[in-house]
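Working from the sequences, and respecting the hints, build out all of it.
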Amino acid sequence: MKEIIVSSGFLAASFFAVALVSADQTDKEFEEMLESSLRSKGIVKAEEVLAQDEVQKQCSTSGVTSAEDMKAILDSQLATIVYPNDGKYLGDWKAGEKIAQSGKGRRFNDKPDTVNGGNCYACHQISNDELAYGTIGPSLYQYGKIRGNSEEMIKYTWAKIFNAQAFVPCSYMPRYGHKGILSEQQMKDLMALLFDPESPTNK
Amino acid sequence: MTIMNMKRLLIFFAGVLSICTLNSSVSAQDNTSEEIEKYRELLADGNPAELWELTGEELWYREAGPKNKTLETCDLGKGPGVVEGAYVEMPRYFSDVDKVMDLEQRLIYCRMMIQGLSREQATERPFGSAGNSSDIEALVAYVTGQSRGMKIAVVVGHEKEKRMYEMGKRFFYFRAGSHDFGCVTCHSGENKRIRLQELPNFMNVEQARKSYGSWPAYRVSQGEVRSMQHRLYDCLRQQRFPEAIYGMDLLTAISLYLAKSANGGTYDAPAMKR
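Just so you know, the sequences run in chain order H and C. Just so you know, this note's numbering puts 143 at position 143 of the first sequence, and the rest follows in order with no gaps. Just so you know, this note's numbering puts 176 at position 176 of the second sequence, and the rest follows in order with no gaps.
Be a bit skeptical, because a hint or two may be false.
[To be verified] Restricting the straight-line Cα-Cα distance to at most 25 Å, the calculated cross-link-like pairs of lysine-lysine (BS3-like) are:
1. 28/H <-> 99/C
2. 99/C <-> 273/C
3. 94/H <-> 104/H
4. 260/C <-> 28/H
5. 57/H <-> 38/C
6. 273/C <-> 104/H
7. 104/H <-> 192/C
8. 98/H <-> 260/C
9. 160/C <-> 28/H
10. 160/H <-> 192/C
11. 38/C <-> 99/C
12. 45/H <-> 169/C
13. 169/C <-> 28/H
14. 28/H <-> 162/C
15. 169/C <-> 57/H
To be clear, the hints were calculated from the coordinates, so they are not data collected in a lab.
Structure representation (C-alpha cells):
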C-alpha cells in the first residue's frame, strides 16, 4: 500500500514537473525549430518573418482570444490607418482590376522590383467577368452599387483595405496599407474598382 | 522501351491531354475538379506516377554510393527492408536515432548510413524538373505506393512524437510575415477556394483524410511527382515565408500533425492532381 502511495506520488510529481516545464520549453523548442528549418531567400528574410508583431502573436493561437484582447487589437490597428493627404480616394478601376488579378510580390522567388499585386480574386468575387474567384472572403460583386458612395462608406472601405484587423481581429485578409504591400495609388485604383459606376464590379 | 523513354512518352500524352481537357475549363467556374476527374478516368490505371514508382523500385534495389549497397536493409519503421505499409505509419519515432522522422528524412538517413552518401549527396535535388529527374521523388513514389489502400495509422505515443505533434500543431496556427498568413488561413474553413482551387479543411476529418491520403501526387501542371515535403515547401513560399530547408524538422512536424488529423482514412497515393 505504501509503495502504491509513494509511486503514485512520484508519478504525480513527475507529471506536474513535465507540465510546468512545458509552456516555456515548448516556446523555446518551437523557436529553435523555426530557426533551424527556415532560411532567408531572395527578398524574404527569415529573421523578419519569425519576429512576429503583436497582432500576429495574438492571432497565432488555436484558443479563443478574450474580448479585451480583441478590443486591444481593434484599437491598436485602427490607429495605424493613414488616409490619403489629397482627400482623393478613387483612382483608375482598370489599373485596379490588374492589381486585383495579380498574386505577385513578397515571395522568395519574387524580385525586389516586382510590383506587388493585391491578389483580391484569390479570395473574393469582384467583377462579374472574372469567374475564377476564390471564396475565403465575401463576394464584393456590385460593392459600390449596393452600398453607395457616401464619404463614410468610402473611408471605411479605404481603412478596411489598409488594415482589415481594425475591424475584424485576426482577419485572414492581409493588411495591405499597414504592411506596405500596396502603395497609396494602388489602393486608390482598387477603390475605383469597387466604387466606380463604370467598373465591371458595379455592372 | 526503357523506363525513361516510357516516362517521356507518357508525360507527353499527359501533357497533350491536360491541354485538351484543362484549357477548355479555364473560364468555367466549378469545373476544374470535374475536369481533373475526367482526366483521371481517361488515364484510368495509367497515372504517370507509376513510372516514378517503378524508377524508385529500381533505385531501392540498385547498389549505389561509396558502400555500393542497395537500400534493402533500410528500416522504415517496420523492420529492415519492410516497405509495405511503412508510409501510413510515418512520421514516427526511430529509436536508432532517438528522433521522429518523416519518410524523406528517413531516406536521407538510410542513404547516408547504408550507402555511405554524404548529407549533401543524399539531399541533392529533392525536387525534379524537366530533364533533371529526382531520385528522391522516385524513391518516395515507390515507398508510398507500397501503402496504397491501407489505413493511415500514425501513432503519437512516444514523448518525442508528442513533442513533434505539438510543434506541428503550433505551426499550423502560426501567422507571420508580410501577409500575416499561416496554414490556418486557407485550411480551416468549409467550402473555401483560392481562385478555383478547392481547399481542404483540416478541421474536418473526412477532408483531412482525403487530402493527406492523396500525397505524393503526379502534378499535371508540373509534369513531376511531388512529395509531401514539396507540397509544404510550396505552401510556405505562397505564404510569403522563408524557404523551408529540405529534410529539416519543421516539415516533419507539420506532416505529423496533418497525418494524425487524417488517421483512419484510406491512403490512396501517389495520386494525380492539377
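Here is how each hint holds up against the structure:
{"no.": "1", "hint": "28/H <-> 99/C", "result": "18 Å, holds"}
{"no.": "2", "hint": "99/C <-> 273/C", "result": "32 Å, violated"}
{"no.": "3", "hint": "94/H <-> 104/H", "result": "18 Å, holds"}
{"no.": "4", "hint": "260/C <-> 28/H", "result": "23 Å, holds"}
{"no.": "5", "hint": "57/H <-> 38/C", "result": "44 Å, violated"}
{"no.": "6", "hint": "273/C <-> 104/H", "result": "23 Å, holds"}
{"no.": "7", "hint": "104/H <-> 192/C", "result": "21 Å, holds"}
{"no.": "8", "hint": "98/H <-> 260/C", "result": "41 Å, violated"}
{"no.": "9", "hint": "160/C <-> 28/H", "result": "15 Å, holds"}
{"no.": "10", "hint": "160/H <-> 192/C", "result": "21 Å, holds"}
{"no.": "11", "hint": "38/C <-> 99/C", "result": "42 Å, violated"}
{"no.": "12", "hint": "45/H <-> 169/C", "result": "23 Å, holds"}
{"no.": "13", "hint": "169/C <-> 28/H", "result": "15 Å, holds"}
{"no.": "14", "hint": "28/H <-> 162/C", "result": "16 Å, holds"}
{"no.": "15", "hint": "169/C <-> 57/H", "result": "15 Å, holds"}
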